[in-house]
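Using the hints, position chain B against chain A.
First to last, the protein sequences are chains A and B.
Quick note on my numbering: the first sequence kicks off at 1253 and runs consecutively.
Quick note on my numbering: the second sequence kicks off at 30 and runs consecutively.
In short, the hints are calculated from the structure, not lab data.
Keep in mind that this is a model prediction, so the values were computed, not measured.
Quick reminder that beta carbons are idealized off the backbone N, C-alpha and C, glycines included.
Among these hints, one or two may not hold up.
Covered by chain A, per the in silico footprint, the following chain B stretches (three or more residues, Cβ under 8 Å) [to be verified]:
#1 40 to 47
#2 90 to 98
#3 125 to 136
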Amino acid sequence: MDAHPRFRDGLVASLPIVMGYFPIAFSFGIAATQAGLTPVEAFALSLFIYAGASQFLALALITSGAPVLVAVFTLVAMNLRHVLYGPALMRAASPEAGTHLAWAWAFGLTDEVFGQALGALARGRRFSQSYMFGLGLGAYASWLSGTAVGAVAGAGALEGWPATSAALGFMLPALFLALLLSILSRRHLPVIAVAGAVTVLATLTISPTGGILLGMLAGALTGLVRR
Amino acid sequence: MNPDLLAIALLAGAATWAFRALPVIWRTDRLASGGWLERFVAATGPAAIATLFVAAILPALSPELGQLLPVITGTVAVLALFVATRSVVTATLAGAVVHGVTVWLLL
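Chain B on its own, in the form it takes in the complex:
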């Protein structure tokens, strides 16, 4: 194995572990109770999910109807199934299936 590649993987992996695990181990959220930092941390979750959704859907948006239609039908399926079942798993799987079926119908 290329030693440079292994060094990059191990060092970047160690940093990823530190970013993900240390704030949980140290319970840094407790340091934030009551003040501006608490409001900042509380808003981080919704902000992160909104950001990740937009970042994931943006590359799929296209002015071409043939490419946009599966995104629209998949999105509508997620919305409809979530409202009907309140289940994240069901809504996600339905969205992916409807998206794939729309692509198949348009082929």
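Extracted from the complex, chain A is given alone in its bound form:
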């Protein structure tokens, strides 16, 4: 397909993530200020942690007065799944793919950026660090601006726009479904089926975070079965 995907290609590919992140970050900004944080503090959480579910959890931990180390260990445990994304992505890229700038672009390897990058490689796009910068920066900028606008706007900003709010809220499930379709193959079906089923079971019986961790682990373990 592309000879060398450029920064601009990555930015274009980030569009659905940009539109999906903004309302989520916006609602995080609102929740943070409602919890008593200043807009600057809300922005700092998005700037440094840059992981949606963890940030909402951080709000709960901070407002409940949890000790710093307990809060940090909880957040670290929640983000542990990200350790699997780099190897999965680089395995799909060519063996000689450059990584000398990974210290900068890989910070932006969120769930959605990882999914979009992996989907692009599965559709035949070549790996390039410029593309990863474009994809990552689009998503990061959306996350930071959404947080800032939400923190400044305060509660009730989208109350008069339920359909718009619903459409924006459906952006991430729609993106994951489209990504799933883009990597769907007969070889991956057992992995996908097991991951999905375990996620449902563990979410219902343990917690949403437990569902994500166990679903991912069960799917990856299914890949060990030789066929």
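Coordinates of chain B only, in the frame set by chain A:
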């Protein structure tokens, strides 16, 4: 700024960076070639996307038709547009628009 909050943000952020960047910098995927670890890593991507889709769609599922219908129409729109265009961006945007329009029609 609250110093505890800043410490939590910086420490959790450093850990997030390490989890995301170090496996790429160290190319840990190369350590895995040929064996069980390679099959495990290869299955991680599809497993992660399947898991994240289920985790994202689960909270939207409801026995109430008024809440379920926008999820169904949005999902069908994603499926139809992906089959027609093979474009992730087009399918995602179409799904969100159809979902929002369905909510608007049901108001």
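Against the structure, the hints come out as follows:
no., hint, in the structure
1, 40 to 47, "holds (count 6)"
2, 90 to 98, "violated (count 0)"
3, 125 to 136, "holds (count 8)"
Going through the hint list in order, the structure does not satisfy hint 2, though it satisfies all others.
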